[in-house]
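*Asks:* Position chain S relative to chain Z; hints supplied.
Just so you know, the sequences run in chain order Z and S. If you read the first sequence in the numbering used here, its first letter stands for residue 1, the second for the next number, and so on. If you read the second sequence in the numbering used here, its first letter stands for residue 1, the second for the next number, and so on.
A hint or two may mislead.
Heads up, the list lumps identical chains together, so a pair's fine if it works in one copy or across two of them.
Below, in silico cross-link-like pairs of lysine-lysine (DSS-like), each with a Cα-Cα straight-line distance of 30 Å or less [what the hints assert, rightly or not]:
{"id": "1", "residue 1": "K235", "residue 2": "K35"}
{"id": "2", "residue 1": "K190", "residue 2": "K138"}
{"id": "3", "residue 1": "K137", "residue 2": "K31"}
{"id": "4", "residue 1": "K235", "residue 2": "K73"}
{"id": "5", "residue 1": "K73", "residue 2": "K144"}
Hints are computed from structural coordinates only; laboratory data are not their basis.
Protein chains: 2
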Amino acid sequence: MTDPSVINLVSSNKCFEGFQNIYEHSSDELKCRMKFAAYIPCAESSKTLPVLIWLSGLTCTEQNFVAKSGFQKYAQAHKIIVIAPDTSPRGCKIEGDSEKWDFGEGAGFYVDATESKWAKNYRMYSYINSELHEVIKKNFTDGKEFKVSIFGHSMGGHGAMISFLKNPNKYCSVSAFAPISNPINCDWGKNAFTGYLGSNEEVWKDYDSCCLIKRYNGPDAEILVDQGLDDNFLKQNQLNPQNLIVASQGNERIRINLKNREGYDHSYYFISTFIEEHFEFHAKHLKD
Amino acid sequence: MTDPSVINLVSSNKCFEGFQNIYEHSSDELKCRMKFAAYIPCAESSKTLPVLIWLSGLTCTEQNFVAKSGFQKYAQAHKIIVIAPDTSPRGCKIEGDSEKWDFGEGAGFYVDATESKWAKNYRMYSYINSELHEVIKKNFTDGKEFKVSIFGHSMGGHGAMISFLKNPNKYCSVSAFAPISNPINCDWGKNAFTGYLGSNEEVWKDYDSCCLIKRYNGPDAEILVDQGLDDNFLKQNQLNPQNLIVASQGNERIRINLKNREGYDHSYYFISTFIEEHFEFHAKHLKD
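The shape of chain Z in the complex, shown without the other chains (with noise of 0.2 Å):
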């Protein structure tokens, strides 16, 4: 097995003074080769930059991130390093893998499967939570250690809110674009926890967020949640962020800032109109 952190150059676009980089690697955790985008902000200073680690949603690539949110401005302005991974093993040939847009290649749903089907390579969780860390410690911040934030959207919010939730003091910040924030009750989670998990609901718990929120018991942290009102999903209780807020009355160390957007939808172009605002609740925090 080639080491994980021996990373190859893809491709390298020049934007808002850094540079916007497509990687492939081999990954441990998902034995397969894995893309990933990495933005390195131009910066003079010698400092170790802090990382941004984004989530997409379903069918995403490690592409739709970079090309249409526009969110090089930021990251360059406040110079963070934005890691953002592809959404499932690739190239498995697992049978059934690429039959259903919400299940297999492009929807790992960011668990560790394990239904033994799935089990080998399905493990979504400990590539972004472990060894994507490494890989992102030996090229970009010279083996030292680094700050890091999660971000991201629909299956990707519900990605990094449990990544936050699950390592109290790993991750500085979190926020999410109208994330499936009650998985183990939307037929999207429930579906992806069937398969993946297999169908004790006991175990789905541990990838909930809403569970994760109540029994959470690390540092105070706040939870920025952006979400479209005229998102078809959220219509069709695919997303339910109330169910955030409700789940953290327990729990006074988490607090849910949701913020409704009229008429915006579940796109990019809702993303991109708000992720400014995410670098600079990230930023914040990762600054500290």
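*Replies:* Frame of chain Z, contents of chain S only:
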């Protein structure tokens, strides 16, 4: 034939308070159904908003600019309607219209073809400079006259410059990213002009920015041109922006403001970095 001014809304996404809409209509000039993008900023005033037309490059549709450039933030800030048409007729099923990426579909080159095979449909010059203006007037400015400027990228930078230079007093200002500046002297241009206009090179000069600059007799004008210095098409001599400066030296009515950008390439990462400056440039002229 359906009235070209009758437009159907294909999609609508709220973005930076305004709406990024896609419309479809029947073009009389092109004899086919065409899509175009229109960003309508949120504005309380009933004053007629100014309009900025964006022309895209080879292989693009009406989607690339609206999804990747991040322009909506600046269109909203300056309260400018932005119209981004497709780059060629579509679905006309002319033999050879889909075999090459630099000729036929996605490569209309903003000329009115005279070669018989293409002359019926490939009339992008008249589509942009006549028909589209009527569509805008009837649908977006309440039937009132409006101020309009034009800009574009690569093939669309060429299209923007020739549109401006051939129509003194029609456009308030023009700018371009990495334009094909002297098509009669590069491979892309020679190939396209031979195909659409025939072999008489004298005819080509009517669609060549450098030739048009020499004979321009309109109001004094500055053309803003952004060019990445790591642009592979610059290195392959497809763009030749320096020829604009040489051409302008014989005509004091035209000033070329060529901004060479170290390290930037031909992509939308380059465009997104400098799009704000182009909006500032056009806003100044549209509000004079």
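*Asks:* Are the hints correct? Go through all of them and say.
*Replies:* Here is what the structure says about each hint:
In this homomeric assembly, K235 and K35 come within 30 Å of each other (Cα to Cα) only across copies, at 29 Å, whereas the closest approach inside a single copy is 33 Å. Taking identical chains as interchangeable, the C-alpha atoms of K190 and K138 are never at most 30 Å apart, the minima being 37 Å within one chain and 49 Å between chains. When the C-alpha separation of K137 and K31 is checked against a cutoff of 30 Å, the pair qualifies only within one copy, where the shortest distance is 20 Å, while the shortest distance between copies is 57 Å. In this assembly of identical chains, the alpha carbons of K235 and K73 lie at most 30 Å apart only when taken from different copies (27 Å versus 32 Å within one copy).
In the homo-oligomer, the alpha carbons of K73 and K144 lie at most 30 Å apart inside one protomer (25 Å), although the nearest pairing across protomers, at 37 Å, exceeds that limit.
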